[in-house]
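Based on the provided sequences and hints, a complete structural model is requested.
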Amino acid sequence: MKYTEEHEWLRVEGDYVVVGITEHAATQLGDVVFVELPETETMVAAGDEVVVIESVKAASDILAPVDGEIVAVNSKLTDNPGLVNEDPTGAAWFFKMKLDDLSVLDQFMDEDEYNDLIG
Amino acid sequence: MSDLKRLGLHDLHVELGGKMVPFAGYEMPVQYPAGVMKEHLHTRAAAGLFDVSHMGQVILRPKKGMEALCLGFEALMPVDVAGLAQGRQRYGLFTDETGGILDDLMFANRGDHLFVVVNAACKEADVAHMRAHLGDVAEVEFLSDRALIALQGPGAEEALASLVPQVAAMRFMDVAICAWQGAELWVSRSGYTGEDGYEVSVPDAAAEAFVRALLACDGVMPIGLGARDSLRLEAGLCLYGHDIDTTTSPVEAGLTWAIQKARRAGGAREGGFPGAARILRELAEGPERCRVGLRPEGRAPMREGVELFATDGTSLGRVTSGGFGPSVEAPVAMGYVPAAFAKSGQAVEGEVRGKRLPVTLVDMPFNPTTYKR
Numbered sequence: 001m002k003y004t005e006e007h008e009w010l011r012v013e014g015d016y017v018v019v020g021i022t023e024h025a026a027t028q029l030g031d032v033v034f035v036e037l038p039e040t041e042t043m044v045a046a047g048d049e050v051v052v053i054e055s056v057k058a059a060s061d062i063l064a065p066v067d068g069e070i071v072a073v074n075s076k077l078t079d080n081p082g083l084v085n086e087d088p089t090g091a092a093w094f095f096k097m098k099l100d101d102l103s104v105l106d107q108f109m110d111e112d113e114y115n116d117l118i119g
Numbered sequence: 001m002s003d004l005k006r007l008g009l010h011d012l013h014v015e016l017g018g019k020m021v022p023f024a025g026y027e028m029p030v031q032y033p034a035g036v037m038k039e040h041l042h043t044r045a046a047a048g049l050f051d052v053s054h055m056g057q058v059i060l061r062p063k064k065g066m067e068a069l070c071l072g073f074e075a076l077m078p079v080d081v082a083g084l085a086q087g088r089q090r091y092g093l094f095t096d097e098t099g100g101i102l103d104d105l106m107f108a109n110r111g112d113h114l115f116v117v118v119n120a121a122c123k124e125a126d127v128a129h130m131r132a133h134l135g136d137v138a139e140v141e142f143l144s145d146r147a148l149i150a151l152q153g154p155g156a157e158e159a160l161a162s163l164v165p166q167v168a169a170m171r172f173m174d175v176a177i178c179a180w181q182g183a184e185l186w187v188s189r190s191g192y193t194g195e196d197g198y199e200v201s202v203p204d205a206a207a208e209a210f211v212r213a214l215l216a217c218d219g220v221m222p223i224g225l226g227a228r229d230s231l232r233l234e235a236g237l238c239l240y241g242h243d244i245d246t247t248t249s250p251v252e253a254g255l256t257w258a259i260q261k262a263r264r265a266g267g268a269r270e271g272g273f274p275g276a277a278r279i280l281r282e283l284a285e286g287p288e289r290c291r292v293g294l295r296p297e298g299r300a301p302m303r304e305g306v307e308l309f310a311t312d313g314t315s316l317g318r319v320t321s322g323g324f325g326p327s328v329e330a331p332v333a334m335g336y337v338p339a340a341f342a343k344s345g346q347a348v349e350g351e352v353r354g355k356r357l358p359v360t361l362v363d364m365p366f367n368p369t370t371y372k373r
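First to last, the sequence lines map onto chains A and B. Residues 1 to 119 in the UniProt record's numbering are what the first sequence spells out, letter by letter. Residues 1 to 373 in the UniProt record's numbering are what the second sequence spells out, letter by letter.
Keep in mind the hints are simulated off the structure, nothing from the lab. Predicted model only: the values in this text are computed from it and were never measured. A couple of the hints might just be wrong.
[What the hints assert, rightly or not] In silico EDC-like links for lysine to aspartate or glutamate, alpha-carbon gap of 20 Å or less: (1) Lys19(B) / Glu23(A); (2) Lys76(A) / Glu329(B); (3) Lys5(B) / Glu27(B); (4) Lys261(B) / Glu285(B); (5) Lys38(B) / Glu67(B); (6) Lys98(A) / Glu41(A); (7) Lys355(B) / Glu23(A); (8) Lys38(B) / Asp87(A); (9) Lys355(B) / Glu36(A); (10) Lys355(B) / Asp61(A); (11) Lys38(B) / Asp61(A); (12) Lys76(A) / Asp116(A); (13) Lys355(B) / Glu39(A); (14) Lys38(B) / Glu86(A); (15) Lys343(B) / Glu307(B); (16) Lys98(A) / Asp67(A); (17) Lys355(B) / Asp48(A); (18) Lys76(A) / Glu297(B); (19) Lys63(B) / Asp11(B).
[Unchecked claim] If the Cβ cut is set under 10 Å, some of the chain A residues that face chain B in the computed set are: (20) Glu8; (21) Val52; (22) Glu54; (23) Ser55; (24) Val56; (25) Lys57; (26) Ala59; (27) Ala72; (28) Thr78; (29) Pro81; (30) Gly82; (31) Asn85.
[Said to hold, decoys possible] Restraint ranges, calculated between C-beta atoms of paired labels, are given here: (32) Asp116(A) / Ser315(B): 21 to 29 Å; (33) Met109(A) / Val328(B): 36 to 44 Å; (34) Gly14(A) / Val14(B): 31 to 39 Å; (35) Thr78(A) / His242(B): 28 to 36 Å; (36) Val362(B) / Thr78(A): 33 to 41 Å; (37) Lys5(B) / Met1(A): 16 to 24 Å.
Every residue, glycine too, gets a C-beta built ideally from N, C-alpha and C.
Laid out in structure tokens, this is it:
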């Protein structure tokens, strides 16, 4: 598992990377009440706002961690946004991206480095 | 947060796991570990305890008798003060010369004086306003040595009555002075959640023991500002500075129920308050725009600032408060639209992140109130 400074986790599955938010991020957001997912088969650039999450407190975005194609989204979150709080690192993944070269993920933090970040 | 004031119970909030955020010049608990959603639902199911000690508590003592004080206070509001019975509380609004709202407040007739509770963000201005206008008839005494604790929800009566039995007999908007362990509690049966419940002014010295005693009662949980906001929103209650301010009149805001007959055209003490010309005209002819309840379709919350449009694309106004309603289990909001659009069932649109989404105008409250009348 890799981690971004935006508190996303990235898990490699074959040629794909699965993206979600960390437990820390889910706790900070509070109860999630709305999730808007991107279209599949869209090309995105690193830093693009691809998911909107609204909690009881505020709206926030999830950014594409790297360039690539969105190949799948977790539509369960549309009907059950609370899954983000219940199982942020498992059932509540947001989207899968196809990458040309998985080595772009090397730039991100490993678990120890991420734990240092959130202190 | 060094410029912020701390509540007397600050350390208790931290001990309870409260997440402290800046609000109206204070460090306030926005939520506890249970989180906004659970705190909200718990208040509607059992009892929620809120520390609202940031609000301003003021005593108006008569210099020339209660009648002169009540009539003087009435001259600041389109509200019947003189007709309020002893032991009762009423909602009031300070208006300005244009008919806008300077603040909203609660005041109680306690026999030989009035007790007033005003919003935290306005309290200095309100005290100055009262001193400027009531100087001949009242001593304006700003209290800085009392906490204010709200206990709200269907379990509030049983919990508070276990400490102070006489509160069980109170009805909505009654006020009473009760003794608890040598401290004088000023209790009103009222609140800001749409639920039955109480607001209790307690001397600072007794506040921590009082709150701990309440938290030890079955079903009582501490509730932060986050759930306080979603609870009042579902109850259709205005938040000053958002849903009402100096640009909104009481009539536009739908607060005509707060303007008693005595102050209206043909009433015993018609007019005679700041902005009377506009407010009486709007009462007679209707306002140009109205505060309305909004139910966005789908799950996307529409928050303060979202622009509202007619289905033909005409801009109508904006959302003034909005979010997710945990008891309604859907987004809810309020905002202003032209009077011609202000009818239940009217379809409009709200723009969220560049997309126009359907919204239906509905009657408020969104969640039924359970006041013990």
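Quick rundown of the hints versus the structure:
no. : hint                              : verdict
1   : Lys19(B) / Glu23(A)               : 17 Å, holds
2   : Lys76(A) / Glu329(B)              : 17 Å, holds
3   : Lys5(B) / Glu27(B)                : 6 Å, holds
4   : Lys261(B) / Glu285(B)             : 16 Å, holds
5   : Lys38(B) / Glu67(B)               : 46 Å, violated
6   : Lys98(A) / Glu41(A)               : 10 Å, holds
7   : Lys355(B) / Glu23(A)              : 30 Å, violated
8   : Lys38(B) / Asp87(A)               : 17 Å, holds
9   : Lys355(B) / Glu36(A)              : 12 Å, holds
10  : Lys355(B) / Asp61(A)              : 16 Å, holds
11  : Lys38(B) / Asp61(A)               : 24 Å, violated
12  : Lys76(A) / Asp116(A)              : 32 Å, violated
13  : Lys355(B) / Glu39(A)              : 15 Å, holds
14  : Lys38(B) / Glu86(A)               : 13 Å, holds
15  : Lys343(B) / Glu307(B)             : 18 Å, holds
16  : Lys98(A) / Asp67(A)               : 9 Å, holds
17  : Lys355(B) / Asp48(A)              : 18 Å, holds
18  : Lys76(A) / Glu297(B)              : 19 Å, holds
19  : Lys63(B) / Asp11(B)               : 40 Å, violated
20  : Glu8                              : 20 Å, violated
21  : Val52                             : 7 Å, holds
22  : Glu54                             : 5 Å, holds
23  : Ser55                             : 8 Å, holds
24  : Val56                             : 4 Å, holds
25  : Lys57                             : 6 Å, holds
26  : Ala59                             : 7 Å, holds
27  : Ala72                             : 21 Å, violated
28  : Thr78                             : 8 Å, holds
29  : Pro81                             : 7 Å, holds
30  : Gly82                             : 8 Å, holds
31  : Asn85                             : 8 Å, holds
32  : Asp116(A) / Ser315(B): 21 to 29 Å : 49 Å, violated
33  : Met109(A) / Val328(B): 36 to 44 Å : 40 Å, holds
34  : Gly14(A) / Val14(B): 31 to 39 Å   : 47 Å, violated
35  : Thr78(A) / His242(B): 28 to 36 Å  : 29 Å, holds
36  : Val362(B) / Thr78(A): 33 to 41 Å  : 24 Å, violated
37  : Lys5(B) / Met1(A): 16 to 24 Å     : 43 Å, violated
The earlier numbered hints that this structure contradicts are 5, 7, 11, 12, 19, 20, 27, 32, 34, 36, 37.
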